[in-house]
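In order, the protein sequences belong to chains F and A.
Residues 82 to 238 in this note's numbering are what the first sequence spells out, letter by letter.
Residues 7 to 177 in this note's numbering are what the second sequence spells out, letter by letter.
Treat the hints with care, since some could be wrong.
The calculated lysine-lysine pairs, modelled on BS3-like cross-linking and capped at a C-alpha distance of 25 Å, are [as the list claims (entries may be wrong)]:
hint, chain 1, residue 1, chain 2, residue 2
1, A, 105, A, 161
2, A, 26, A, 89
3, A, 89, F, 224
4, F, 93, F, 163
5, F, 236, A, 89
6, A, 95, A, 129
7, A, 26, A, 95
8, A, 26, A, 129
9, F, 93, F, 172
10, A, 26, A, 37
11, A, 172, F, 236
12, A, 129, A, 37
13, A, 161, A, 172
14, F, 236, A, 129
15, A, 173, F, 224
Hints are computed from structural coordinates only; laboratory data are not their basis.
Here the structure is a predicted model, which means the values were calculated and not measured.
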Amino acid sequence: MTPQEIYEHLKKSHDTAVLEFVDQPQTDPFIRVEPSAVFDICHSLRDDEGLEFDYMMSLSATDLGEQLGVVYHLYAMKYRHKIVIKTEVPKDNPLVPSVERLWRTADWHEREAFDLIGVVFEGHHNMIRILLPYDWEGHPLRKDYQAPETYHGMKVS
Amino acid sequence: MGLLNKLDDPYEGGGIVLGKVEELLNWGRSKSDWYLHFGLACCAIEFMAMNASHFDFMRFGTIPRTSPRQADFIMVTGTVTFKMADRIKILYEQMAEPKYVISVGSCSNSGGPYWEHGYHVLKGIDLIIPVDVYIPGCPPRPEAFEEGMIQLQKKISQQAIFNKRKKLGIE
Chain F
82 MTPQEIYEHL KKSHDTAVLE FVDQPQTDPF IRVEPSAVFD ICHSLRDDEG
132 LEFDYMMSLS ATDLGEQLGV VYHLYAMKYR HKIVIKTEVP KDNPLVPSVE
182 RLWRTADWHE REAFDLIGVV FEGHHNMIRI LLPYDWEGHP LRKDYQAPET
232 YHGMKVS
Chain A
7 MGLLNKLDDP YEGGGIVLGK VEELLNWGRS KSDWYLHFGL ACCAIEFMAM
57 NASHFDFMRF GTIPRTSPRQ ADFIMVTGTV TFKMADRIKI LYEQMAEPKY
107 VISVGSCSNS GGPYWEHGYH VLKGIDLIIP VDVYIPGCPP RPEAFEEGMI
157 QLQKKISQQA IFNKRKKLGI E
């Protein structure tokens, strides 16, 4: 299916949750969705006939200023089509449903997004830091992050 | 070195070596250094080349150990993050005296490319453990490893074992 067809398919089943479809030359075509419906939409993407996105290539998070963005790159081995799903959550309440139950790859990807950007994935079975020490404070890849003076008595910079 | 040359000495030859016990011990110590390799980044990849047959690191008498308790020196090769810094401290404390440290590459010498803006990288391992030899480079060539090893051997062979306090002028 082309990205346009995938968008129309999703629009039929998740009418209000699917916000817009963007196909511009400088990026991969992507679909913007409501954060609360991420799990249901991904479930459709994985299981609906004709879509069958069985491979999550990447899950990444970005700091957009006022909002935090989460980006899902999906691929279907059977049909060899790709789609990008994007969602945005407010910085003060960054809750996104976890898709770890759909793709096991998302387990560590979501933990990394939580560790460095601070997006909290609801329903993840083990939402703890993956790269930084467990007692680290803050999420370093946020634009407004201030590095601490010391860590365990070692000077940071 | 100094000890073996005495075997050729016409006055002190004939299978008898006259020298200090300290010299003998230091000769033995400097020529059989077992090391704990703490490989963290690309310097460790370069160190693999150093260990392979072309450069043959073991000709210096070194044997890699997997336990700090059996090691004479620790070789820290690569970027030391704060998470790892805690672990290096623990490993160093587990090593038996006398112990030495070789810091390999810009990252463990001074933080390397992260020296100013890296929130997660220790700015040189000499901030947490005492370093004996610094090997510069990013990563260093095997020749630099050789030079570093020679410098460490030189340092060990010149160390005092007996009457340390006297020599240091403490007594």
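Okay, the hints, checked on the actual structure:
no.: 1; hint: A:105 <-> A:161; in the structure: holds, 12 Å
no.: 2; hint: A:26 <-> A:89; in the structure: violated, 45 Å
no.: 3; hint: A:89 <-> F:224; in the structure: holds, 22 Å
no.: 4; hint: F:93 <-> F:163; in the structure: holds, 19 Å
no.: 5; hint: F:236 <-> A:89; in the structure: holds, 13 Å
no.: 6; hint: A:95 <-> A:129; in the structure: holds, 15 Å
no.: 7; hint: A:26 <-> A:95; in the structure: violated, 35 Å
no.: 8; hint: A:26 <-> A:129; in the structure: violated, 41 Å
no.: 9; hint: F:93 <-> F:172; in the structure: violated, 30 Å
no.: 10; hint: A:26 <-> A:37; in the structure: holds, 17 Å
no.: 11; hint: A:172 <-> F:236; in the structure: violated, 36 Å
no.: 12; hint: A:129 <-> A:37; in the structure: violated, 31 Å
no.: 13; hint: A:161 <-> A:172; in the structure: holds, 19 Å
no.: 14; hint: F:236 <-> A:129; in the structure: holds, 8 Å
no.: 15; hint: A:173 <-> F:224; in the structure: violated, 56 Å
The structure fails to meet hints 2, 7, 8, 9, 11, 12, 15 from the earlier list, while all remaining hints are met.
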